[in-house]
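Assembly of the complex is requested from the two constituent chains, each provided in isolation within its own frame, with the hints serving as guidance.
Chains as they are written, first to last, in the working numbering: chain A, 1 to 296; chain B, 297 to 430.
No lab work stands behind these hints: they were computed from the structure.
Be aware that one or more of the hints could be misleading.
With a straight-line Cα cutoff of 27 Å, these simulated BS3-like cross-link-like pairs (lysine-lysine) come out [unchecked claim]:
| # | chain 1 | residue 1 | chain 2 | residue 2 |
| --- | --- | --- | --- | --- |
| 1 | B | Lys-318 | A | Lys-59 |
| 2 | A | Lys-59 | B | Lys-421 |
| 3 | A | Lys-79 | B | Lys-383 |
| 4 | B | Lys-421 | B | Lys-383 |
| 5 | B | Lys-421 | B | Lys-353 |
| 6 | B | Lys-351 | B | Lys-383 |
| 7 | B | Lys-383 | B | Lys-402 |
| 8 | A | Lys-189 | A | Lys-214 |
| 9 | B | Lys-421 | A | Lys-214 |
| 10 | B | Lys-421 | A | Lys-223 |
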Amino acid sequence: MAPGSINAVIDRVVPQGPFALGVVRAIVNGTFLISTLLTSFYALGSLPPTILRPTGVMKLLPWSFYDQLLTPSGILILKISMVLSLVSSTIGFGTVISTRTSLVLVLFYQGLLRSFGHFNHDEMSAVYFLVVLAFTPCSDAFSIDSWMRKTTKERPAFAYAYPILLMQLLLAWSYFSSALIKLRVAGLKYLSADNLPALAIFHSLDNLHDTSFKIAFMLPQIKQYVAVAVAFVLVWELLFPLAIFWQRIRWWILGIGVVFHFATLFVMNIFFPHQLAMYLVFVNWEKRIRRIDNQR
Amino acid sequence: MMAGGDLERGRSYCILRGETVKGETVDVAPILLTNALYSRTWTMVNATIDNQSFKLKSIHPANEEMLRRYGGLENLPPGARVPDLLKVWGELYNMQQPESSPNRLKAIRLDMYRWESGRYSDYDKFVTSWRQVL
Numbered sequence: 001m002a003p004g005s006i007n008a009v010i011d012r013v014v015p016q017g018p019f020a021l022g023v024v025r026a027i028v029n030g031t032f033l034i035s036t037l038l039t040s041f042y043a044l045g046s047l048p049p050t051i052l053r054p055t056g057v058m059k060l061l062p063w064s065f066y067d068q069l070l071t072p073s074g075i076l077i078l079k080i081s082m083v084l085s086l087v088s089s090t091i092g093f094g095t096v097i098s099t100r101t102s103l104v105l106v107l108f109y110q111g112l113l114r115s116f117g118h119f120n121h122d123e124m125s126a127v128y129f130l131v132v133l134a135f136t137p138c139s140d141a142f143s144i145d146s147w148m149r150k151t152t153k154e155r156p157a158f159a160y161a162y163p164i165l166l167m168q169l170l171l172a173w174s175y176f177s178s179a180l181i182k183l184r185v186a187g188l189k190y191l192s193a194d195n196l197p198a199l200a201i202f203h204s205l206d207n208l209h210d211t212s213f214k215i216a217f218m219l220p221q222i223k224q225y226v227a228v229a230v231a232f233v234l235v236w237e238l239l240f241p242l243a244i245f246w247q248r249i250r251w252w253i254l255g256i257g258v259v260f261h262f263a264t265l266f267v268m269n270i271f272f273p274h275q276l277a278m279y280l281v282f283v284n285w286e287k288r289i290r291r292i293d294n295q296r
Numbered sequence: 297m298m299a300g301g302d303l304e305r306g307r308s309y310c311i312l313r314g315e316t317v318k319g320e321t322v323d324v325a326p327i328l329l330t331n332a333l334y335s336r337t338w339t340m341v342n343a344t345i346d347n348q349s350f351k352l353k354s355i356h357p358a359n360e361e362m363l364r365r366y367g368g369l370e371n372l373p374p375g376a377r378v379p380d381l382l383k384v385w386g387e388l389y390n391m392q393q394p395e396s397s398p399n400r401l402k403a404i405r406l407d408m409y410r411w412e413s414g415r416y417s418d419y420d421k422f423v424t425s426w427r428q429v430l
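This is chain B alone, in the form it adopts within the complex (with noise of 0.2 Å):
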């Protein structure tokens, strides 16, 4: 932020959506299910798409052990953990729905688009996606 924006430059984001139960796709707000990383929840995002986590001087043990899996860095793919964290997310989304409720989700999932740099437009140029099914 420091070094202020720049229209040149392109830019990744991500849309985190539920599927429910009745078939409808949702925007779900992650602060109001983790507001405790307020301010803080698209860096989350990002350097968990970014395994950041698995590039640490220390790792944890399951992420040693998932690195030996796909056999070192270069092999994994790109939010490797972000599941784990979409998992998280729907369980605490249901939690906060009847048991009964269409509105529960029966999957998650965190769509990545692009914004395309020099431009005011075409903000929604679409990356990628990482589904969680609940």
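Just chain A, same shape as in the assembly (with noise of 0.2 Å):
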């Protein structure tokens, strides 16, 4: 495809303002933020260091580091940390410093979940978000620093719409490699009738997952429709990355989108509300504010 043609696709499915990828930074730090202040660092800072299994560049660091870490002030200072540099990067203060410090801490959060636990999805659209956030203008326009600056920055409109152009495209590649590795690990037999149901109770057995919802124990008797049901998720999440180029089903595949997760927060017990709120780079923050300055 020429040069001229990608550029035509891109102003076609692709806010191009600086306003734009504002949002978008205020929404993605915001959401990091927000799960920061809910979440009990002291807890986690109770946890026996004995039990992490330190993953990637997290092995670089010594255990005198985690034993320093896992006390009620090691782990505050984390925290502090964490909420000053995120407030900063959402509301767009000191934004080229604050979006890379804020990648920094929320990456090796993530690592030391990961350490505990294991290498989960949910976060991870939002942290790779960050990456492209710390290294484009995301302070040009909705940001403390733009007020501040009082002039306007003068940049090419790609400066603005190939970060989220970047963005949609790793969301609706988490979804579409998600189908690819399903199929290329179990085949078809992923579609077989025992594979939602038996995957479904074995995660509603035990106490230690969020929730404790018991529907699954109803899908074996209806196990030909639920094989249905999960061909149907494996199409959708091929056809996600049409979200991107297709305004007109945008909003029917991301509408399914919801309606799959909120369907395996009640038949798994597995929810992914980071993955959820990532939705919103699809948002057109360009228009909207065009439409809502028209009605003023």
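So, in structure tokens, the structure goes:
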């Protein structure tokens, strides 16, 4: 595809102004800020470091560091640092620095959580979004920085459009690749009638999940229909990238995503709140603000 | 999860319970104690039961010491660090109760069950339990 036609596609599917990128910065950082504020770091810091299994680059840090971190004062310092940084990056204050410190701190925190548990996906898209935002001009509008500057920075429209397109592609890839992995690992067996009922019941037996819904135990009675639903979800995941390029079906694909994630909550006791919040990257915030301005 | 569920494969799972001062046994939801571990608590428990923190290239000094005491990984009982985790959960639970409450825990335990494979029944064959007095 010629560069001109690529730009034409981007013009059509992605908002072009600094305002949209500023709003996305506030949403992504704000999501991590809210989850940080709602989390008991004191309880996290009480967990014994002896059950920690540092993952990836977390292995490079010495045990004495984790021994210091997993104490009431150590974990309080981490929380305060995260809150200060995320407040700044959410409101767009000292954005060039604060988006980067937020990225490093959130990345470290997510690594710490995964060193206790496992590599789950919920926050991953949002973490990738933080990486994108840390290196793009996301404070040119909808930020304290732009308000204090009182002058508008002139940049070409693609400087704001490409980061949003990249974030949409990352989110779409998370679903598309999920479907590919399912097909690669399980093949057509993934569509067997017992797949979802067995998995959902397993996730409903203990009390270590975050919720204790028992709907899963009804699935074996309707397992033929459940298999159709599993196939539908697989097709939906494969078609998710269309949400980027085909505005007409975008809201259908995202709407099915909302239903899907709430279904996994009630059926499997598994929820992806960060992933759902990232759907807001598909909203054309430039158009929304213009509409509000016109109504005034 | 990518591989899907397999009815033919047996699976073990755990339930966290507390024994109150007034003598009742209550279910304890870990998400209300350590909410940072949302969506991860069960894998943290499974890894702790499997002694995975003893199988790292670089082991925590306290775990090294424990390994020495037991004479190696092969002699280590399953869930060697589960009591430490239970103690933390028990203390966090009691911190949420008034000092004089009869609902405070005197002990906390992790009960492991197994869902034998092949059919949608017999979900709760008892396997073992870890108990920590508080």
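How the hints compare with the structure:
no.	hint	in the structure
1	B:Lys-318 with A:Lys-59	45 Å, violated
2	A:Lys-59 with B:Lys-421	38 Å, violated
3	A:Lys-79 with B:Lys-383	24 Å, holds
4	B:Lys-421 with B:Lys-383	25 Å, holds
5	B:Lys-421 with B:Lys-353	35 Å, violated
6	B:Lys-351 with B:Lys-383	23 Å, holds
7	B:Lys-383 with B:Lys-402	11 Å, holds
8	A:Lys-189 with A:Lys-214	25 Å, holds
9	B:Lys-421 with A:Lys-214	18 Å, holds
10	B:Lys-421 with A:Lys-223	24 Å, holds
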